[in-house]
Amino acid sequence: MFGSMLKASTLLFIACLAAPARAQAPDRRSCHARRVPTPLSRDALMATLEEAYVNTFGEHPSKERLLVGWSHVAFENGGGATIVNNNFGNVGPRPWETDCYYNASDNHFYRSYLTPLDGALRYWAVIGRCRPAFDAFGAGRVGAAMAALKRCNYFEMDLDAYAHRVQVIYSYITRKVKREEELERERRQRELEDAELDERPEQSSVGRCDQQLSR
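Using the working numbering, you'd call the opening residue of the sequence shown number 1 and step up by one each time.
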(Lines of atoms letter the chains of each structure in order from A and count residues from 1; the text may use other names and numbers.)
(Lines give C-alpha, C1' and ligand atoms only; values in the text may rest on other atoms or scores of the structure.)
Protein backbone atom coordinates (compact mmCIF):
# COMPACT_ATOMS: atom_id res chain seq x y z
CA MET A 1 0.00 0.00 0.00
CA PHE A 2 2.69 2.51 0.93
CA GLY A 3 5.45 1.51 -1.47
CA SER A 4 8.48 -0.73 -1.47
CA MET A 5 9.56 -2.88 1.44
CA LEU A 6 12.03 -1.69 4.05
CA LYS A 7 15.71 -2.23 3.34
CA ALA A 8 17.62 -4.63 5.55
CA SER A 9 19.38 -1.73 7.26
CA THR A 10 16.04 -0.22 8.27
CA LEU A 11 14.80 -3.53 9.62
CA LEU A 12 18.00 -3.79 11.64
CA PHE A 13 17.42 -0.26 12.93
CA ILE A 14 13.93 -1.18 14.12
CA ALA A 15 15.10 -4.50 15.53
CA CYS A 16 17.63 -2.67 17.69
CA LEU A 17 14.74 -0.68 19.19
CA ALA A 18 12.60 -3.75 19.81
CA ALA A 19 10.83 -4.06 23.13
CA PRO A 20 11.66 -6.73 25.68
CA ALA A 21 8.94 -9.34 26.02
CA ARG A 22 6.72 -9.41 29.09
CA ALA A 23 3.43 -11.30 28.67
CA GLN A 24 2.82 -13.67 31.57
CA ALA A 25 0.71 -16.85 31.63
CA PRO A 26 -0.40 -18.71 34.77
CA ASP A 27 1.13 -22.08 33.94
CA ARG A 28 3.76 -23.05 31.38
CA ARG A 29 2.23 -26.50 31.00
CA SER A 30 -1.07 -25.01 29.78
CA CYS A 31 0.59 -23.50 26.69
CA HIS A 32 0.90 -26.18 24.05
CA ALA A 33 1.65 -24.33 20.80
CA ARG A 34 5.04 -24.80 19.18
CA ARG A 35 7.08 -21.62 18.71
CA VAL A 36 7.20 -20.86 14.96
CA PRO A 37 8.67 -17.71 13.34
CA THR A 38 6.10 -15.96 11.12
CA PRO A 39 7.86 -12.82 9.81
CA LEU A 40 6.14 -10.25 7.61
CA SER A 41 7.40 -7.45 5.39
CA ARG A 42 6.57 -3.86 6.17
CA ASP A 43 3.88 -3.71 3.50
CA ALA A 44 2.32 -7.02 4.52
CA LEU A 45 2.26 -5.91 8.14
CA MET A 46 0.63 -2.62 7.18
CA ALA A 47 -1.97 -4.28 4.95
CA THR A 48 -2.86 -6.90 7.55
CA LEU A 49 -3.29 -4.30 10.27
CA GLU A 50 -5.56 -2.28 8.01
CA GLU A 51 -7.66 -5.31 7.02
CA ALA A 52 -8.02 -6.36 10.65
CA TYR A 53 -9.04 -2.84 11.66
CA VAL A 54 -11.78 -2.79 9.03
CA ASN A 55 -13.01 -6.21 10.16
CA THR A 56 -13.00 -5.11 13.80
CA PHE A 57 -14.47 -1.62 13.60
CA GLY A 58 -16.28 -1.60 10.24
CA GLU A 59 -14.35 1.32 8.77
CA HIS A 60 -10.88 2.16 7.51
CA PRO A 61 -8.45 3.58 10.06
CA SER A 62 -7.14 7.08 9.76
CA LYS A 63 -3.59 7.34 8.50
CA GLU A 64 -2.44 8.39 11.98
CA ARG A 65 -4.08 5.44 13.73
CA LEU A 66 -2.73 2.94 11.23
CA LEU A 67 0.80 4.33 11.40
CA VAL A 68 0.85 4.46 15.20
CA GLY A 69 -0.39 0.88 15.25
CA TRP A 70 2.24 -0.16 12.72
CA SER A 71 4.98 1.63 14.65
CA HIS A 72 3.93 -0.01 17.90
CA VAL A 73 3.87 -3.51 16.40
CA ALA A 74 7.12 -2.79 14.54
CA PHE A 75 8.75 -1.91 17.85
CA GLU A 76 7.44 -5.03 19.56
CA ASN A 77 8.20 -7.32 16.59
CA GLY A 78 11.33 -5.96 14.94
CA GLY A 79 9.58 -4.25 12.04
CA GLY A 80 7.66 -7.47 11.37
CA ALA A 81 10.82 -9.57 11.06
CA THR A 82 10.54 -11.15 14.52
CA ILE A 83 6.82 -11.97 14.63
CA VAL A 84 6.29 -15.42 16.12
CA ASN A 85 3.12 -17.50 15.83
CA ASN A 86 1.39 -14.60 14.05
CA ASN A 87 1.33 -12.62 17.29
CA PHE A 88 1.13 -8.90 16.54
CA GLY A 89 2.48 -6.80 19.40
CA ASN A 90 3.53 -9.69 21.68
CA VAL A 91 0.06 -10.08 23.18
CA GLY A 92 -0.10 -12.44 26.16
CA PRO A 93 -2.71 -15.16 26.71
CA ARG A 94 -5.65 -14.83 29.03
CA PRO A 95 -5.67 -17.23 32.01
CA TRP A 96 -8.06 -19.66 30.30
CA GLU A 97 -6.33 -19.66 26.88
CA THR A 98 -4.12 -22.66 26.12
CA ASP A 99 -3.32 -21.83 22.49
CA CYS A 100 -0.11 -20.08 23.47
CA TYR A 101 3.63 -20.69 23.45
CA TYR A 102 6.44 -20.38 25.93
CA ASN A 103 9.45 -18.26 25.06
CA ALA A 104 12.45 -19.73 26.89
CA SER A 105 14.72 -16.76 26.15
CA ASP A 106 12.73 -14.46 28.45
CA ASN A 107 10.59 -16.91 30.43
CA HIS A 108 7.35 -15.35 29.18
CA PHE A 109 4.27 -16.58 27.41
CA TYR A 110 2.52 -15.33 24.27
CA ARG A 111 -0.71 -16.05 22.46
CA SER A 112 -0.51 -18.14 19.29
CA TYR A 113 -2.63 -17.55 16.17
CA LEU A 114 -3.22 -19.57 13.03
CA THR A 115 -2.94 -16.65 10.59
CA PRO A 116 -1.52 -13.11 10.54
CA LEU A 117 -5.06 -11.74 10.29
CA ASP A 118 -6.04 -13.57 13.48
CA GLY A 119 -3.11 -11.97 15.28
CA ALA A 120 -3.93 -8.51 13.94
CA LEU A 121 -7.59 -8.87 14.93
CA ARG A 122 -6.56 -9.66 18.50
CA TYR A 123 -4.12 -6.75 18.52
CA TRP A 124 -6.81 -4.22 17.62
CA ALA A 125 -9.21 -5.80 20.10
CA VAL A 126 -6.64 -5.28 22.86
CA ILE A 127 -5.96 -1.69 21.80
CA GLY A 128 -9.68 -1.00 21.51
CA ARG A 129 -10.26 -2.12 25.10
CA CYS A 130 -7.75 0.48 26.29
CA ARG A 131 -9.87 3.40 25.13
CA PRO A 132 -7.51 6.27 26.00
CA ALA A 133 -4.78 4.54 23.99
CA PHE A 134 -7.14 3.90 21.08
CA ASP A 135 -8.12 7.57 20.96
CA ALA A 136 -4.49 8.69 21.15
CA PHE A 137 -3.63 6.32 18.27
CA GLY A 138 -6.19 8.13 16.15
CA ALA A 139 -4.70 11.52 16.96
CA GLY A 140 -1.16 10.39 16.16
CA ARG A 141 -0.11 11.12 19.76
CA VAL A 142 2.45 8.40 20.36
CA GLY A 143 3.50 9.51 23.85
CA ALA A 144 -0.07 9.67 25.13
CA ALA A 145 -0.89 6.35 23.46
CA MET A 146 2.01 4.54 25.09
CA ALA A 147 1.29 6.14 28.47
CA ALA A 148 -2.28 4.84 28.23
CA LEU A 149 -1.06 1.35 27.29
CA LYS A 150 1.25 1.42 30.29
CA ARG A 151 -1.72 2.20 32.55
CA CYS A 152 -3.59 -0.67 30.90
CA ASN A 153 -0.66 -2.97 31.83
CA TYR A 154 0.32 -3.67 28.24
CA PHE A 155 4.06 -3.56 28.94
CA GLU A 156 6.54 -3.56 31.81
CA MET A 157 9.35 -1.56 30.23
CA ASP A 158 10.11 1.97 31.42
CA LEU A 159 7.51 4.27 29.87
CA ASP A 160 9.87 6.99 28.67
CA ALA A 161 12.20 4.53 26.95
CA TYR A 162 9.30 2.60 25.42
CA ALA A 163 7.48 5.68 24.14
CA HIS A 164 10.68 7.20 22.77
CA ARG A 165 11.47 4.17 20.68
CA VAL A 166 7.96 3.90 19.27
CA GLN A 167 8.10 7.65 18.50
CA VAL A 168 11.37 7.21 16.58
CA ILE A 169 9.78 4.51 14.42
CA TYR A 170 6.60 6.56 13.95
CA SER A 171 8.56 9.62 12.86
CA TYR A 172 10.53 7.51 10.41
CA ILE A 173 7.55 5.73 8.84
CA THR A 174 5.55 8.96 8.65
CA ARG A 175 8.33 10.67 6.68
CA LYS A 176 8.75 7.63 4.46
CA VAL A 177 5.05 7.32 3.69
CA LYS A 178 4.81 11.05 2.96
CA ARG A 179 7.69 10.81 0.49
CA GLU A 180 6.20 7.75 -1.18
CA GLU A 181 2.88 9.57 -1.56
CA GLU A 182 4.67 12.56 -3.11
CA LEU A 183 6.45 10.29 -5.59
CA GLU A 184 3.17 8.59 -6.45
CA ARG A 185 1.50 11.95 -7.12
CA GLU A 186 4.41 12.95 -9.35
CA ARG A 187 4.18 9.66 -11.25
CA ARG A 188 0.46 10.09 -11.82
CA GLN A 189 0.97 13.68 -12.97
CA ARG A 190 3.57 12.54 -15.51
CA GLU A 191 1.23 9.84 -16.78
CA LEU A 192 -1.56 12.38 -17.15
CA GLU A 193 0.68 14.77 -19.07
CA ASP A 194 1.92 11.96 -21.33
CA ALA A 195 -1.66 10.90 -22.03
CA GLU A 196 -2.61 14.45 -22.99
CA LEU A 197 0.34 14.61 -25.40
CA ASP A 198 -0.65 11.31 -26.98
CA GLU A 199 -4.18 12.62 -27.59
CA ARG A 200 -3.00 15.69 -29.53
CA PRO A 201 -3.40 15.15 -33.34
CA GLU A 202 -0.14 15.19 -35.25
CA GLN A 203 0.10 17.45 -38.29
CA SER A 204 0.47 15.37 -41.44
CA SER A 205 3.46 15.75 -43.77
CA VAL A 206 1.08 16.83 -46.59
CA GLY A 207 -0.28 19.58 -44.43
CA ARG A 208 3.21 20.84 -43.66
CA CYS A 209 4.10 20.87 -47.38
CA ASP A 210 0.94 22.82 -48.26
CA GLN A 211 1.84 25.38 -45.61
CA GLN A 212 5.34 25.79 -46.99
CA LEU A 213 4.07 26.20 -50.62
CA SER A 214 1.55 28.81 -49.60
CA ARG A 215 4.22 31.02 -48.11
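Treat the hints as calculated values from the structure; they're not laboratory data.
Just so you know, not all the hints are guaranteed correct.
Straight-line C-alpha distance at most 27 Å; calculated BS3-like pairs for lysine-lysine [what the hints assert, rightly or not]:
(1) Lys63 / Lys176
(2) Lys63 / Lys150
(3) Lys178 / Lys63
Now for the hints, and whether the structure bears them out:
With a CA separation close to 13 Å, the supplied pair Lys63 and Lys176 stays within the 27 Å bound. With a C-alpha separation of about 23 Å, the suggested pair Lys63 and Lys150 falls inside the 27 Å cut-off, and the hint holds. At most 27 Å may separate the alpha-carbon atoms for a hinted pair to count; Lys178 and Lys63 meet this at roughly 11 Å.
No hint from the list above goes unmet by this structure.
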